[in-house]
Each structure stands twice: as C-alpha cells, then as structure tokens.
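Undergrad: Sequence:
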Amino acid sequence: DQECLLIADVISRSGADVLGVQEIENEGALRRVLRYLQGYEGFVAEAGIKQNVGVIFRKGLDVSKSGVFEPLTLGRSGMRPGLVLSCRKGAFDWTMMVVHLKSTSRYDSTNQMRDESRVMRGRQIEMLRSWSDSLISLGPEKDIMIVGDFNDFTSRRQQATLTALLESDNMIFLTGLLKSCKNEQWTTIDQVVVSKSARDRVIKGSERVEDIRAFLKGNIADAVSDHCPVLVRFSTTGPDND
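Residue numbers (the working numbering): 909 to 1150.
It is worth saying that the hints were derived from the structure and are not from the lab.
Computed from a predicted structure; not experimentally measured.
Derived EDC-like pairs: lysine to aspartate or glutamate, alpha-carbon spacing no greater than 16 Å straight-line:
| # | residue 1 | residue 2 |
| --- | --- | --- |
| 1 | Lys-1104 | Asp-1077 |
| 2 | Lys-997 | Glu-949 |
| 3 | Lys-1104 | Asp-1148 |
Start from the sequences and build out the full structure, keeping to the hints where you can.
TA: So this is what it looks like as structure tokens:
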C-alpha cells in the first residue's frame, strides 16, 4: 500500500490530465493506486500478460477505449499490444495509443537475443508509422498521439530502431531531446509523438520530465519506478481543427 500511495503522489504532483502508464499487472493493481488518487480514474488493456499498458485521467474528461492494437505483439506471447483511446478536453479531441515497446535488456544474454530485440522493436515502430499514416490519410481525426515507453533514444545512430517513425512526414517526436531523470547523460526513452495537427496545439516550452528523484530519495524512488513522467501541455481552447 505504501508503494501505491507513493505512485499516486507522483501522478498527482505531475498535474497530468491524461497519463499513459506501463507495467500494470491488471485492473486490480490500477485500482489500488487510484484509491489514493482523488479525482482520477483509469483502465488497463488487459492482455493476459504480467505487464500491461493503461491510462489514468482526470474525472470529467472524455476518455474512452477504442480497442487494442494487437499487431504490436508481433504474434508472440508475452508481448504488449497498444491501447487505443479516444480523448477530449474542451475543444481538443484526439486519438491516442499508449505503448510499451520491446526492450533490449540485461536478460538478453547473447548478441543474437539483443539483435532480435532490436529487430522486433524496429518492426513495432514500422507498424506505428503505418497506423498513424492510415488514420491521418483515411480518417476524419487528424490529431493523433502515440505515448509511452519506446525503449530507445531518438538520437541513437548505431543500431537505431526508431527510424521509421522519426522519418515520418506526419508524426513528430516532441520529447526526444529531454534528459532522462535516471542519468543526465542520456535522453529519455519515454516519448510523446504527435501528428502535425496536434503539434499546432502544443504550448511552447511545456515539454518536461517530472523528476521524481527531486522529492523521493534513493531506493524509495527506485521502488516507485525507474522512469519519470514525461509531460507535454496542449491548448484545449478554440475551434477543433478537424
């Protein structure tokens, strides 16, 4: 319960209206956090795996589940699908996918395993580009967001896996240059990627990392998460541009 209380405090301090979350065991685990988080609700894309993606949002906002994006699993057990949402605040409505892409971790104990993880992540990125391109070209909604743990840096030059989306004519990484809260020599692997239409609503200079280590010290911060919230503010006033 103490860990859930600390997680709730981090989310509350962030001031986020809508927050994509990762590594949620199930709906019950999310509820244990939400009971300490007054004024918020949320849900999880339960995929029958140990680590699911989900969303937490302020009560009163219009956030609904449109479905799950199964292609991100690459047909493999244990891989995480994306959670697709329809969202609205004020005059701004958008389609958003929450993702947690394939990692390359210490558990990949051979060069072959590490190479395979990078190939899989690259395929996931290609699918996200195809998904966003098709929505923008075929659908009425032009405000698109992809948020979550991409498990790679936008600045990587060797063995880069984000290239397909970085080279998209339709989508822009807003947070790729933000510094990691874990190591100031790194940039963040948690990303907010938006369509050009949604970018027009970004409040200039609002991109930031909420450094939980500024108020949670040492092993306490590590117990809460090895990531920090990555946030961007958007204008929700004026006519919707789609």
